[in-house]
Amino acid sequence: MTEVAMTNGLLLAGILFTLGLTSLLVRRNLIFVLMSLEVMLNAAGLAFVVAGARWHQADGQVMFLFILAMAASEVAVGLALAVEIHRRFKSLDVDTLSNMRG
Amino acid sequence: MELAFYIASAVAVLSTVLMVTRLNLVHALLYLIVSLLGVAVVFYVLGAPFVAALEVIVYAGAIMVLFVFVVMMLNLGKRSVETERQWLTPGIWTGPVLLAGVLLVEVVYLMRGVPAALGTAAVDPKAVGTALFGRYLIGVELASMLLLAGLVGAYHVGFRKNEKSGNRTGDAT
Numbered sequence: 001m002t003e004v005a006m007t008n009g010l011l012l013a014g015i016l017f018t019l020g021l022t023s024l025l026v027r028r029n030l031i032f033v034l035m036s037l038e039v040m041l042n043a044a045g046l047a048f049v050v051a052g053a054r055w056h057q058a059d060g061q062v063m064f065l066f067i068l069a070m071a072a073s074e075v076a077v078g079l080a081l082a083v084e085i086h087r088r089f090k091s092l093d094v095d096t097l098s099n100m101r102g
Numbered sequence: 001m002e003l004a005f006y007i008a009s010a011v012a013v014l015s016t017v018l019m020v021t022r023l024n025l026v027h028a029l030l031y032l033i034v035s036l037l038g039v040a041v042v043f044y045v046l047g048a049p050f051v052a053a054l055e056v057i058v059y060a061g062a063i064m065v066l067f068v069f070v071v072m073m074l075n076l077g078k079r080s081v082e083t084e085r086q087w088l089t090p091g092i093w094t095g096p097v098l099l100a101g102v103l104l105v106e107v108v109y110l111m112r113g114v115p116a117a118l119g120t121a122a123v124d125p126k127a128v129g130t131a132l133f134g135r136y137l138i139g140v141e142l143a144s145m146l147l148l149a150g151l152v153g154a155y156h157v158g159f160r161k162n163e164k165s166g167n168r169t170g171d172a173t
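These protein sequence lines map, in sequence, to chains A and B.
For the record, in the first sequence the residue sitting at position 47 is 47 according to my numbering, with numbers rising by one throughout.
For the record, in the second sequence the residue sitting at position 114 is 114 according to my numbering, with numbers rising by one throughout.
Hints are computed from structural coordinates only; laboratory data are not their basis.
Keep in mind it's a predicted model, so treat the numbers as computed, not measured.
Take the hints with a grain of salt, since some may be wrong.
[Said to hold, decoys possible] Going by beta-carbon spacing under 8 Å, a handful of chain B positions derived as facing chain A:
1) 7
2) 9
3) 11
4) 43
5) 56
6) 60
7) 90
8) 109
9) 143
10) 149
Glycine included, each C-beta is placed from N, C-alpha and C at the ideal position.
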């Protein structure tokens, strides 16, 4: 395999993370918020794998596996909450959650 | 191989941009799957074939299927596209996009002076497995506990209580 500069891999991770952050700040739909969280977690895992490939260690990939497990459990709980919120408020607008009284 | 890296990166970034700007939820999900596949190709080019396979199987397979199931359960139609169009006015866009763009430019500027190269040799799955079940064994146990907690939590939150009866502690049968 030919060499790819480490900067480019980290740049890709940074761009993807920024896109996810922008989406998280801009969208009001709860499902879109969860999807942008997925994008951001994926970008963080990409940074770990790039660092692991830079120093030829397996630790980066191990960290990606942990991020994968965390993303899976986070998405399961988050989507269950989304279903419950849609059932209760008949809307996926995250601003309706500010009306929850305690 | 270097060209493959750039093509896959471009596909991932472009499909993520398209995902962010979609109004229909299912279209956005499809673009997110394409983005994850692009990142999987990047992983393969970087010499991490095990993680690339896991990215396709777990992310693009399992987690996206969860999203699709929930979208089908909620049964959002044309009405939601209209509300999304109302929510996504350009005034809301500009502020966060500009601020996040400033952060991105800063990161690009700061990482200019790191001329290290990578991708010369692959880290095979055997090394990953040895590290995973050797040094990181406690992490694996904690991850399994986290997954169990996620399972129990999702079941508890999504459990449909008896909605007909007024009191919830009443006729549970």
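Structure-based check of each hint:
1. 7: Violated, about 12 Å.
2. 9: holds (5 Å)
3. 11: It is violated, given that the least Cβ distance between residue 11/B and chain A is near 11 Å, above 8 Å.
4. 43: With a closest approach of 6 Å, the residue 43/B hint holds.
5. 56: For residue 56/B, the interface hint is violated, since the closest Cβ of chain A sits about 12 Å away, which is over 8 Å.
6. 60: Nearest chain A Cβ about 10 Å off; hint violated.
7. 90: violated (11 Å)
8. 109: The hint is violated - residue 109/B has no Cβ within 8 Å of chain A, the shortest such distance being about 11 Å.
9. 143: This interface hint holds because 4 Å falls under the 8 Å limit.
10. 149: holds (7 Å)
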